[in-house]
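For the record, the sequence lines run as chains A and B.
Using our numbering, the letters of the first sequence correspond one by one to residues 1 to 780.
Using our numbering, the letters of the second sequence correspond one by one to residues 1 to 496.
To be clear, the hints were calculated from the coordinates, so they are not data collected in a lab.
Values in this document were obtained by computation on a predicted structure and should not be read as measured data.
Mixed in with the good hints there might be a few duds.
Unchecked claim - Now the stretches of chain B that chain A is said to cover, found in silico as 3 or more residues with beta-carbon under 8 Å:
1) 80-91
2) 105-115
3) 136-150
4) 169-178
5) 185-198
6) 467-477
In this text, a Cβ means the ideal position worked out from N, Cα and C, and glycines have one as well.
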Amino acid sequence: MADARRRLYMGVESGPVGSSRIHDSAPKHVAGEALYVDDVAAPEGLLHAYLGTSTIAHGRLLSLDLDAVRQAPGVIAVLTAADIPGVNDISSTHLHDEPVFATQAILFHGQPLFAVVAETRELARQAATLANAEYAEEAPLIDVAAARRAGGKLVTEPLKLERGDVAGALAASPRRLKGAMAIGGQEHFYLESQIALAIPGEDEDIAVLVSTQHPSEVQHMVAVVLGIGSHAVTVEVRRMGGGFGGKETQANLFACVAALCARKLKRPVKLRPDRDDDMAITGKRHDFVCDYEIGFDDEGRIHAVDAIYAARCGWNADLSGPVTDRALFHMDNCYFYPAVRARSEPLFTNTCSNTAFRGFGGPQGMVGAERFIEEVAYATGLDPLEVRRRNLYGGPGRDVTPYHQTVEDNIAADVIGELERRCDYQTRKAAIREANRTSPIVKRGIALTPVKFGISFTATWFNQAGALVHVYTDGTVALNHGGTEMGQGLYIKVAQVVAHAFGIGLDQVKITATTTGKVPNTSATAASSGSDLNGMAALDACETIKKRLTEFARKHWQVEAGDVAFLPGRVKIGAREIAFKELIAAAYIARVQLSATGFYATPKIHWDRKAGRGHPFYYFAYGAAAAEVAIDTLTGEYKIERVDILHDCGQSLNPAIDKGQIEGGFVQGMGWLTTEELVWDRKGRLWTHAPSTYKIPVASDRPRIFNVHLLENAPNREPTIHRSKAVGEPPLMLAISALHALSDAVASVGDHRICPRLDAPATPERVLDAVERVRAEAAR
Amino acid sequence: MRDSLRFLLGDRLVEIDRCDPTLTVLDWLRLDQRMTGSKEGCAEGDCGACTVVVGRLDRGRLRYEAINACIRFLPTLDGCQLLTVEHLKGADGSLHPVQQAMVECHGSQCGFCTPGFVMSLLALRLNEAEPNVGRIEDALAGNLCRCTGYEPIIAAGRRMDEVAPREADRFLSEREAVAARLETLDDTETLALQGDGGRFHAPATVEALAELVAAHPQATLVAGATDVGLWVTKAMRRLDSVIYLGRIEALRAIIDEGDHLRFGAMANNIDVREALAALSPQLDELMRRFGGEQVRNAGTIGGNIANGSPIGDLPPALIALDATLVLARHSEAGIERRSIPLESFFTAYRKQDRRPGEFVETVLVPKLAKGALLHASKVSKRFDEDISAVCGAFRLTLGSDGRISEARLAYGGMAGIPKRAAAAEAVLAGQRWNEAAVAAAIAALPQDFTPLDDMRASAHYRLKIAGNLLRRFLIETTQTQAQTRVVGLLAETANG
């Protein structure tokens, strides 16, 4: 390979934003040199903690005899709720419903009861199994149906969105139908399981290295549990081995327990659960049951939708409120409902507490929307893509969402049309129909589905970020911001913004670990907001420094302010051009402050949850995917054979990184909707608690033909960081095309007259069930 | 007897006098050596984040295999070379072509799975020239990535030999020299290693093995450790006496003996696949989907049988083929052998007909007679690296009158043991091989099986599939134009 090309790949050359730089840690990843928490050299005197957990899913703890645990080899201490100096609660929404250790009520199988600290992790883990707990066991509520039968206790306030007269519109609709859809949950399966290392210092100080998306919340929780001020707690995250939402709140438990043990024993303590324990204890994507009624006409136009989204939330609220809210925010996807009512039902169950997961309820809401479309298509005999097109948001009169925000940036029709043309959708669809006639066993299907995803935290106050930029006297730059790196390439994107701002090479910008000691009061790196928020905050800091430098240059070289420009590789000052580092050296001598903080708060957004009205999203990200699949009608097995994607990243900060998010998001979404099935047994034990039983996609599951393109010439209409768009979550929902392609293949056995009503995940068993049902109905 | 473990870590000779018999390679690397490049993702051999490459002598030649360090016991590396991600960079700090290709193709995001992928790709590069996409997928079937969606990693697999030619790879040019060093470590002494947790024996001959099994009747026999490893990492069982079979070269042999194949119990699933593929493409495809590449490298035919799992994928095929199992044990007069039909080995859930002192030594697999029809199908949620919901393997012998003279229908996942469908077989006997016969056999299946509901499938689905696989068999043998498979070798060739 040409040296220049390699230098470009390796990010040596200076260059603006918008180029495909490699992930800053890639050379370290491939050499095993990137450090994760478990790789950091252990501090002297390190001890290991392990959690002892409940062996029933519901009941009362009558007694807890820990003598055998204490007497086990290598055990240093055993800690329970009684050892907590502060508050025994880590509820992220302050509902006081999430004790670190259970005291009486046992609410799920795997609930932490105590921690044991030992000389080695192995000894701690063995000792943790030796507790003798007595319970008064009660029947657990495992799923939505059971929770509803038991009275439908909620973990948090439900939400209702309403626009227009739904009852009237349904009654007046030429046609109407009712249905229900089950939408499965999903285990995050970050490759690096949860981990925390706590190191006590002087006074009440404690430092915590932890794999979390939300260092500030960990800091707050550790302070609350230890009964100390947040200023005594420093939380640092260099990188995570994957997060996907699973480390937004779920790291709190592990960090707090490690910190509690470290504080009590005055020694460093590490806590890393085994994969199976991680999967049993931590929350997952919410599974939903969506009950719907749709009013429509023979032209496939929807007149009204009335839907209830009921979610299995688990044993506490965690983020279930905002997650179920976001399901409702996306129950329209790209479609205008003239009259609509949507209600959430965040149900309490005796299972792990479901939490954030890439898309945050949005995917489930959107899967419901696409089912509504499919129902109308089969009921009217129209092509599903045509029904989609007829119901898209449009101009005035057809541009208001169920939450009363006007869609101002709608490009869904263009994206759909462009993808349809590029992937030759109609021709292929006809060919597939024809080929299916002569293929008795294997049937193919195709579907094209769009995505519109709202960008911003719906809790408006989270839409803020801070950054800290230091320029040293040699012209090198240290960058710090509140966003965390979980593989998504946030660090490189923000570094690109900074390098671009100063006109220096990426190699001149040192990316430093996220720490609460440098940038305080940060929001979780979540809601796809990382580069939008932190990129702008970092740019703000750069602009502050540049302003000071410009002012200095103006005086020093006697030029107009407008004559100072930061160009790639140099600074133009009047007629002269000097190196950035020369300017810095001179500015230092002149006592110019070369460090600045930056801050950003997203404009325009507001949300009144009680009224169900507002402008919760700054903008929308769009995309569309076309999937082609083959199913085996004897076994239900299938293969996603080809996928074409056109996705809107605005003006991409880094097309290679964005493409990685799109491909990775699609495959993760495909796993969610196909092979990833969570199963609990009747006692409330998670049966799929390891990769041997819980099947995420492997290399051969990805479509062999996978054409992924970024929408070109589509700068964000809002002034986001370099007019880019958020890309973390939206592509996951492109995978809904795969579910609908499977559905299309299933429908072929009934000559496309019967709606397959394929629920998710569409495991081979579900696909075969649907095939048999469609066949039976067609024969009737 | 030799009482110290010897192996190469990269190019450094390691000798260890005391070692726990079940210390995993991964814990030794990370905790003892502080080599933290290899990661623990699942500790059960399913995610591949811990993948390392082991070089071992195979008939005098150095053979490189990707394995899961998390479930491999350190003492089993005796006489081998262990390569980890830390060994790849050049002396000048430059990235190895596999690493460079991964970087250039944007093959890492969070990076946690990356060292494992790098090592799996390294093993592929060292073993095969110009692998196609299918082979790259197979080689990576035991590596999970949750970030990239795999496309850039596959691209890296295609790119690595462009970055620098394979022939120039440092590991290939050093191959002879490393083989020579391993030769010097090779001996016929039994390795007997003492550790705090117990004793580890690794005999080098069948005779020594027989004597050890007789002398230590409670010892756990370990082949590839792909299941026993989990007893340690998941169930936290302590095994105080382990006998490892991996040093006995004679047990790895596969010999064509005319009308049948003779498999040594320690033949690994890579070699077993190659041998069985010659009998039928159906078996090739079944074995292609056996575990991930790391498990295919470590796992053995003997282990898959002796383990007695009701969901092992080899027993149904071998039962359909009417394989014979040879069990051996020590006696005063030398080694005493007992041959039994494989199907009779499985007596009840996790119970086998293995007498005190006995071990599985050999599996004899008859080749297909002329006119015999064979079918093998595995149904699981995911195609690669998954455990069967149902595995069906069938052999029909048709008489000169076109009627079925013998039917052998073997299933995994349908009962507590791999089991034949006696009632369905009886229905088929004497029938012509057609839709009516299949329908009758399907109707008889509920007499043969009462499957269970579990996390893999419902009982209803299992029974349905068990029948539909017979239908698939009929279509594949009578309507060869019809496509019946959606993935794999059979979808891409015969029926595609």
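- Task: If any of the earlier hints don't hold here, list their numbers in rising order.
- Result: 4 and 5
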